[in-house]
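Q: All chains, full assembly: derive it from the sequences and hints.
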Amino acid sequence: MLGFSAKTIRRDIASMPDDVRKMSLACPSDVPVMSLTEYGLKWLAEKHGVPFLGSSSDGSSGQQEEKQESENELVLSLLEQLRQKDIQIAEKDKQIAQLMEQAKNYQVLLQAQQVLSLPAPKRSFFKRLFGIHEEKE
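Note that my numbering has the sequence shown beginning at 142, numbered continuously upward.
Hints are not guaranteed to be accurate.
As the list claims (entries may be wrong) - Quick list of simulated restraints, FRET-style, between CB atoms:
1. 216 / 191: 23 to 33 Å
2. 244 / 208: 48 to 58 Å
3. 209 / 243: 50 to 60 Å
Worth flagging that the hints you see were computed from the coordinates, not collected in a lab. Every value quoted in this text rests on a predicted model; they were computed, and no experiment measured them. Where a beta carbon is used, it is the ideal one built from N, C-alpha and C, also for glycine.
A: Okay, here's the thing in structure tokens:
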């Protein structure tokens, strides 16, 4: 691979930063042997100053670049749509909170109105029976 020995490649993999290692290695769960991705091969080639031609040949690399570019544009547009939806959801949350507060205020007003509209309490039976008189205000 790139004209390097397996020992050199293992040593370079061990010296990779974690973020580069995550993107450079493909390790299927059922296979104990790790394999380098194209990103890892490019990283090794750059480290040792060896030209890297990649696995593709002829015009397919240009097609892959165009495909990658269109996929990147698609991802960016989807991310922008997601941001817009997040903004809309935040606005709806504010509206819901305002409506809940308004409903709570209406409930308090309704209860106060019901208390005011209750009839005046009658004198109790015993007070009427035994003639205990209360002065009315």
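Q: Each of the hints needs a verdict: does it hold here or not?
A: Taking the hints in turn, this is what the structure says about them:
| no. | hint | verdict |
| --- | --- | --- |
| 1 | 216 / 191: 23 to 33 Å | holds, 31 Å |
| 2 | 244 / 208: 48 to 58 Å | holds, 53 Å |
| 3 | 209 / 243: 50 to 60 Å | holds, 51 Å |
The structure meets every hint from the earlier list without exception.
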